[in-house]
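**Student:** Construct all of the structure, not just a fragment, from the sequences and the given hints.
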Amino acid sequence: MLRVEHLSKSFGGVCASRDVSIDFPTGSLTAIIGPNGAGKTTFFNLISGHVRPDEGRVVFDGADIVGLSSLEVVRRGMARAFQVASLFPSLTVREALTAAVVSHRRGSARVFTRFPVAAAGRQADEIMDLMGLSPKAKVVSANLSHGDQKLLDIGLALAMDPKMLLLDEPTAGMGPEERWRMIGKVHSLWQVTGMTMLFIEHDMDIVFKIAQTIHVLKYGAVLAQGNPEEIRRNKDVIDAYLGTDHRLSETVGEA
Amino acid sequence: MNLEALVDCLSSASCAVTQVSTGLIVGMLLFLVTSGLSLIFGVLGIINFTHGAFYMMGAYFAFTAYALTGSFLASMAAGAIGVGLFGMAFERLVMSRVYGRDILMQLLVCYAMILILDDGVKILYGGEYRMMGMPDVFALPPVEIAGGFVPGYYLFMVGVALAAGLVLWLGINRTRLGKIVRALAINPQMVGALGINTTLLYAGVFGLGSLLAGLAGALAAPIRTLTPGMGVSILIESFIVTVIGGMGSIAGAFLAALLIGFTRAFGAIGFPLFVDGLMFALMALVLVVKPSGLLGREAA
Amino acid sequence: MRSGLLSPGLLRDVAFAIAALALLLVLPMAFPAPALRDFLIYFFAYGLLAMSLNLLVGLTGLVSFGHAAYFATGAYAFGLLMQTGRVSIPLAMLAAVGGTALVALVIGAICVRLKEIYFSFITLAFQMFIHSVIVTWVSLTGGDQGLRGGIPRPPILGLDLNDARVLYGACAAVFVLCILAMRQVSQSPFGYTLRMIRDNPARANFLGVDVTAMKLGIFVFAAAMASVGGLILALFVSGAYPEFAFWTTSGEAIFMIMLGGTTIFLGPLVGTLLLQTLNHFVTIYTEHHGLVLGTVILVIVLGLRRGLADVVYDWLQGRRTTRPNTPAGPTPEGAEPAPLPDGALKSRIV
Numbered sequence: 001m002l003r004v005e006h007l008s009k010s011f012g013g014v015c016a017s018r019d020v021s022i023d024f025p026t027g028s029l030t031a032i033i034g035p036n037g038a039g040k041t042t043f044f045n046l047i048s049g050h051v052r053p054d055e056g057r058v059v060f061d062g063a064d065i066v067g068l069s070s071l072e073v074v075r076r077g078m079a080r081a082f083q084v085a086s087l088f089p090s091l092t093v094r095e096a097l098t099a100a101v102v103s104h105r106r107g108s109a110r111v112f113t114r115f116p117v118a119a120a121g122r123q124a125d126e127i128m129d130l131m132g133l134s135p136k137a138k139v140v141s142a143n144l145s146h147g148d149q150k151l152l153d154i155g156l157a158l159a160m161d162p163k164m165l166l167l168d169e170p171t172a173g174m175g176p177e178e179r180w181r182m183i184g185k186v187h188s189l190w191q192v193t194g195m196t197m198l199f200i201e202h203d204m205d206i207v208f209k210i211a212q213t214i215h216v217l218k219y220g221a222v223l224a225q226g227n228p229e230e231i232r233r234n235k236d237v238i239d240a241y242l243g244t245d246h247r248l249s250e251t252v253g254e255a
Numbered sequence: 001m002n003l004e005a006l007v008d009c010l011s012s013a014s015c016a017v018t019q020v021s022t023g024l025i026v027g028m029l030l031f032l033v034t035s036g037l038s039l040i041f042g043v044l045g046i047i048n049f050t051h052g053a054f055y056m057m058g059a060y061f062a063f064t065a066y067a068l069t070g071s072f073l074a075s076m077a078a079g080a081i082g083v084g085l086f087g088m089a090f091e092r093l094v095m096s097r098v099y100g101r102d103i104l105m106q107l108l109v110c111y112a113m114i115l116i117l118d119d120g121v122k123i124l125y126g127g128e129y130r131m132m133g134m135p136d137v138f139a140l141p142p143v144e145i146a147g148g149f150v151p152g153y154y155l156f157m158v159g160v161a162l163a164a165g166l167v168l169w170l171g172i173n174r175t176r177l178g179k180i181v182r183a184l185a186i187n188p189q190m191v192g193a194l195g196i197n198t199t200l201l202y203a204g205v206f207g208l209g210s211l212l213a214g215l216a217g218a219l220a221a222p223i224r225t226l227t228p229g230m231g232v233s234i235l236i237e238s239f240i241v242t243v244i245g246g247m248g249s250i251a252g253a254f255l256a257a258l259l260i261g262f263t264r265a266f267g268a269i270g271f272p273l274f275v276d277g278l279m280f281a282l283m284a285l286v287l288v289v290k291p292s293g294l295l296g297r298e299a300a
Numbered sequence: 001m002r003s004g005l006l007s008p009g010l011l012r013d014v015a016f017a018i019a020a021l022a023l024l025l026v027l028p029m030a031f032p033a034p035a036l037r038d039f040l041i042y043f044f045a046y047g048l049l050a051m052s053l054n055l056l057v058g059l060t061g062l063v064s065f066g067h068a069a070y071f072a073t074g075a076y077a078f079g080l081l082m083q084t085g086r087v088s089i090p091l092a093m094l095a096a097v098g099g100t101a102l103v104a105l106v107i108g109a110i111c112v113r114l115k116e117i118y119f120s121f122i123t124l125a126f127q128m129f130i131h132s133v134i135v136t137w138v139s140l141t142g143g144d145q146g147l148r149g150g151i152p153r154p155p156i157l158g159l160d161l162n163d164a165r166v167l168y169g170a171c172a173a174v175f176v177l178c179i180l181a182m183r184q185v186s187q188s189p190f191g192y193t194l195r196m197i198r199d200n201p202a203r204a205n206f207l208g209v210d211v212t213a214m215k216l217g218i219f220v221f222a223a224a225m226a227s228v229g230g231l232i233l234a235l236f237v238s239g240a241y242p243e244f245a246f247w248t249t250s251g252e253a254i255f256m257i258m259l260g261g262t263t264i265f266l267g268p269l270v271g272t273l274l275l276q277t278l279n280h281f282v283t284i285y286t287e288h289h290g291l292v293l294g295t296v297i298l299v300i301v302l303g304l305r306r307g308l309a310d311v312v313y314d315w316l317q318g319r320r321t322t323r324p325n326t327p328a329g330p331t332p333e334g335a336e337p338a339p340l341p342d343g344a345l346k347s348r349i350v
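Residue numbers (the UniProt record's numbering), protein chains in the order written: chain A, 1 to 255; chain B, 1 to 300; chain C, 1 to 350.
Derived by calculation from the structure, the hints in this document are not laboratory data.
Watch out, some of these pointers could steer you wrong.
Claimed, not checked - With beta-carbon atoms standing in for the labels, derived distance ranges:
1. B:Gly-171 - A:Asp-54: 33 to 39 Å
2. C:Val-311 - B:Gly-195: 36 to 42 Å
3. B:Ile-196 - A:Glu-5: 45 to 51 Å
Unchecked claim - Covered stretches of chain B, as calculated for chain C (at least 3 residues, CB under 8 Å):
4. 90–99
5. 285–294
Glycine included, each C-beta is placed from N, C-alpha and C at the ideal position.
**Tutor:** Below you can see the structure in the form of structure tokens.
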């Protein structure tokens, strides 16, 4: 579905992405992890057309999409949700989702019909069901709880009928219980829709529990990749996360 | 459209020199006004729509001071410092209350202030044109340069504007205070956390920007007719200069102000009816080709 | 839920419009003072200016400071066409509106790419350009003196517009029709797309909305609606004046929508009514109109901090969950616009 080859990007001398090559097969559920400042969000920005890479190719659904605007990338079927929920504060959940569906169906410029258009409204209702937002349909986005805002953010991306969904830290800013609920949603979403999904996550327990494949970034480069079991045992990854101090204490402990 | 006249003028030294000097002083006045506008925007993040009215006040303050004292120096000081203080008071009493609110509110407050100032001038000085006249100090024969004649006052004006621009540039880029002000533009919380009185600094920057407009007004007073509505046209021109030069760039403002000055001076001969059109065409061109302006960085 | 042109929403709005038109037509019969009729025609003209400006400010979050430019363009184009003596009023109206839309398309194409305050001052600059064209092009526009010689009013379908009552009725009908058109646009999918853009343009873009094209669309439509206001005024005063295009006219329009509030669809009309009443009395008692108006604005903006209608609206909504009433203001926490790329500091440089 998506393949990046030799992707590089620097911001004023700081290398945010360094020769990254990863393949994301159709229907896979992949996690991107890495310490703070590892370039995870930059990686998302590069593939979603928000930031243009200095070098490298991004092949999505068989075509190189480097240089396309984020708008064109969305229209080709790659949608994303944001680390900080990016919503429309004054619209209700239903209005926002319906407007997003209308936009995806190229109906944004229609002036002779009334909002909400029936067909788009039905799809919005389905998304609300899927995300468990139906009871909140008439709540103004700004008044939603933090968790519901994140759900709506993902819902908006789903309105694009995406072939691939990028989730930037779906559990950011949540308490432990809420995290598991959220990630359960994400997992079932993947099972129900069969979409290719890619997510950034901090919480190791969550990543090891649901991801099929994990890629670890550090200083903009791929440090390791593999299935959860391989990553768990990878020395480089342990170092990157816990520092060499950790190994010292480990050896001391063993001694 | 009269291109022949333009060619004739360019080939005659006296005409060319006269037009160049006219273009220079128009450009210098615009530069002073625009750099004040730009300074305020750069640090406070607001467009001071009353800036043109401050220019007008500078001219009237200078007019009054000159009528009272007969001293040109006093008239300049009254224009610049008077408006600077007024600007500080305006920032404290009015503008500071709409920071962080709708742009709509900022616009309205400025709109209200312009109405009040224009009407105030009308009440104090009457609605008709006023002339300050050339101060005695400058009652000299014009200076001959390359076959053309330039009034001594023009040279003085250019000198003052250049000096003001240089002081501003040095002040921002080479002093500790300038460094603080630049930091204020980027991260006001941090500056506040360092124990610096940001409230005072904001008022000071606003006052300094206003002072530049007042200075321009005072410099213009001897050579312009004073009317209550004189601020609007210079405000619009300084917008155009800002766009062409690039928001926040003092060097860009200087370059663009000269460009507009010369456009006005030579346009007045070549196509007198299309001077405004030419300025707007220039602005539109810059907006299409390089939206951030000639020397500006990323558009705000 | 049904949709399409026959949706209950539209039917309700049409019914409301018919009732409003009936009321407007009955009003001068009930109180047959010519002053009331004149007052209302001014109200139609400036009401359309304010309502159309609110499509930009309230609906899309584009604070234009140069909207009166199109009001004036409509007035002048209409007046000039009628003075040729060869066009009927409806045709001149259509041509004036179309011509204004074209002007707005060119200016808008440049302006809508700019953000926030930049947009405000470039729209103002272009307005002053149009003002300067009007003042300089004396042979066409009459310059400072305005379009002189009167605007002829040939009869339409046997209706004699020189009869003050007929003229009033025609203006009222056009006014109500335009308000209805604006209502339809604001309630259409396009209208909701504009709300998305107002709330969060970056996210709207990520959802496949062509933000620039949408902004340009509403810019042109709002200009066309403003031009109808201008041509109503030109028809009524039988002339057009450069003041129509002066920046103070835009300033007044902004004050009208602030007074009436941007939250409610018809709010700007309330503002128009309030400001017009104020102007009416101020001009009776003093010649220092600017001083009084300026002071009133300062008191309201700094004291009340929002529109009168917003205050009433919030009071009515009292215990219900309210929508944020300053859509153009800072977004509430947790709903910020899309994050910037890593390390990108949105700095302003001195």
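**Student:** Evaluate each hint against the coordinates.
**Tutor:** Checked hints:
1. B:Gly-171 - A:Asp-54: 33 to 39 Å: For Gly-171 (chain B) and Asp-54 (chain A) the Cβ distance comes to about 38 Å; the hint holds.
2. C:Val-311 - B:Gly-195: 36 to 42 Å: holds, 40 Å
3. B:Ile-196 - A:Glu-5: 45 to 51 Å: holds, 50 Å
4. 90–99: holds (count 3)
5. 285–294: holds (count 3)
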